[in-house]
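Engineer: The lines below spell out each chain.
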Amino acid sequence: SQKIEQNSEALNIQEGKTATLTCNYTNYSPAYLQWYRQDPGRGPVFLLLIRENEKEKRKERLKVTFDTTLKQSLFHITASQPADSATYLCALDTDTGRRALTFGSGTRLQVQP
Amino acid sequence: ETGVTQTPRHLVMGMTNKKSLKCEQHLGHNAMYWYKQSAKKPLELMFVYNFKEQTENNSVPSRFSPECPNSSHLFLHLHTLQPEDSALYLCASSPEGLAGGLSYNEQFFGPGTRLTVL
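Protein sequence lines correspond, in order, to chains P and U.
If you're matching positions, the first sequence starts at 2 in our numbering and goes up one per residue.
If you're matching positions, the second sequence starts at 91 in our numbering and goes up one per residue.
Don't read these hints as lab results, they were simulated from the structure.
One should not assume that every hint holds.
[Said to hold, decoys possible] In the DMTMM-like style, the derived pairs of lysine to aspartate or glutamate whose C-alpha atoms are separated by at most 25 Å in a straight line are:
| # | chain 1 | residue 1 | chain 2 | residue 2 |
| --- | --- | --- | --- | --- |
| 1 | P | K4 | U | E157 |
| 2 | U | K131 | P | E6 |
| 3 | U | K112 | P | D40 |
| 4 | U | K112 | U | E91 |
| 5 | P | K4 | U | E174 |
| 6 | U | K108 | U | E134 |
| 7 | P | K64 | P | E10 |
| 8 | U | K126 | P | E6 |
| 9 | U | K130 | P | E6 |
| 10 | P | K72 | U | E134 |
| 11 | P | K64 | U | E196 |
| 12 | P | K4 | U | E91 |
| 13 | U | K126 | P | D40 |
| 14 | P | K58 | U | E174 |
| 15 | U | K126 | U | E146 |
| 16 | U | K130 | P | D40 |
| 17 | U | K112 | U | E196 |
| 18 | U | K130 | P | E10 |
| 19 | U | K131 | P | D40 |
| 20 | U | K130 | P | D85 |
| 21 | U | K142 | U | E174 |
| 22 | U | K131 | P | D85 |
| 23 | U | K109 | U | D175 |
| 24 | P | K64 | U | E91 |
| 25 | P | K4 | U | E196 |
| 26 | U | K130 | U | E157 |
| 27 | P | K72 | U | E196 |
| 28 | P | K60 | U | E91 |
| 29 | P | K60 | U | E157 |
| 30 | P | K18 | P | E53 |
From just these sequences and the hints, can you work out the full model?
Structural biologist: This is how it looks when you write it as structure tokens:
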């Protein structure tokens, strides 16, 4: 069966450290993968998109990698801050041509001051 | 703000009520979506509209009825809901676009409507 897996347990790290979140998928061949941030009671906010032919993408303190052989994406936040505390969702296009995404359940990140 | 607004932000309704959720996007996008988000579960896609035409109904019960009168507005009409329908209902929009033959599908979400069915 098709699955998108993100660590359901919260990730707690100290301010200033690098947070690394994982998104694994099975039985998909996505053309691209996206990461979103969601704060409690709010809608998700788009952060980064990485295409299947890209290994790495960066935006300020954010970095995303995409390994289509391992079927895995890693999402890094360097020099993390308490304001980075939120739930982070990965999303895949799971059917080429279908104008919709399939989301993972998200990982909650808590950055301690 | 993302340019996508939803009203109301909170709604409490009985199982026999009829209510509607409204979504409006000010981004000039042509695709709009309804998602359901329940606690501890991934976002569940409900409906997709592309250029006002419904292109996807993800096996949603008929007690949920979408309406898309134009590319900027999307409604979700609710009637005879069940308590298990209580959730955060999110609207999103995305631009039409092709990049190297792939559809580019960054989605812009509204703040959601927190629905409680008693």
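Engineer: Run every hint past the structure and note whether it holds.
Structural biologist: Going through the hints against the structure:
1. P:K4 <-> U:E157: 30 Å, violated
2. U:K131 <-> P:E6: Roughly 12 Å between the alpha carbons, so the hint for K131 (chain U) and E6 (chain P) holds.
3. U:K112 <-> P:D40: Roughly 21 Å separates the two Cα atoms, so the pair holds.
4. U:K112 <-> U:E91: 17 Å, holds
5. P:K4 <-> U:E174: 23 Å, holds
6. U:K108 <-> U:E134: Roughly 22 Å between the alpha carbons, so the hint for K108 (chain U) and E134 (chain U) holds.
7. P:K64 <-> P:E10: 21 Å, holds
8. U:K126 <-> P:E6: Between K126 (chain U) and E6 (chain P) the Cα gap is close to 19 Å, so the pair holds against 25 Å.
9. U:K130 <-> P:E6: 13 Å, holds
10. P:K72 <-> U:E134: With a Cα-Cα distance of about 22 Å, the restraint between K72 (chain P) and E134 (chain U) holds, given a limit of 25 Å.
11. P:K64 <-> U:E196: 17 Å, holds
12. P:K4 <-> U:E91: Answer violated: K4 (chain P) to E91 (chain U) is near 31 Å, above 25 Å.
13. U:K126 <-> P:D40: Roughly 16 Å between the alpha carbons, so the hint for K126 (chain U) and D40 (chain P) holds.
14. P:K58 <-> U:E174: This hinted pair is violated, its Cα atoms lying about 39 Å apart.
15. U:K126 <-> U:E146: 15 Å, holds
16. U:K130 <-> P:D40: 14 Å, holds
17. U:K112 <-> U:E196: 21 Å, holds
18. U:K130 <-> P:E10: 11 Å, holds
19. U:K131 <-> P:D40: 15 Å, holds
20. U:K130 <-> P:D85: Since the Cα atoms of K130 (chain U) and D85 (chain P) sit roughly 20 Å apart, the hinted pair holds (cutoff 25 Å).
21. U:K142 <-> U:E174: 29 Å, violated
22. U:K131 <-> P:D85: Within the cut-off at roughly 22 Å; holds.
23. U:K109 <-> U:D175: Between K109 (chain U) and D175 (chain U) the Cα gap is close to 13 Å, so the pair holds against 25 Å.
24. P:K64 <-> U:E91: Since the Cα atoms of K64 (chain P) and E91 (chain U) sit roughly 24 Å apart, the hinted pair holds (cutoff 25 Å).
25. P:K4 <-> U:E196: 21 Å, holds
26. U:K130 <-> U:E157: 28 Å, violated
27. P:K72 <-> U:E196: Holds: K72 (chain P) and E196 (chain U) sit about 21 Å apart, inside 25 Å.
28. P:K60 <-> U:E91: Between K60 (chain P) and E91 (chain U) the Cα gap is close to 20 Å, so the pair holds against 25 Å.
29. P:K60 <-> U:E157: 37 Å, violated
30. P:K18 <-> P:E53: Given pair K18 (chain P), E53 (chain P) is violated - Cα atoms ~28 Å apart, limit 25 Å.
The structure shown violates the earlier hints numbered 1, 12, 14, 21, 26, 29, 30.
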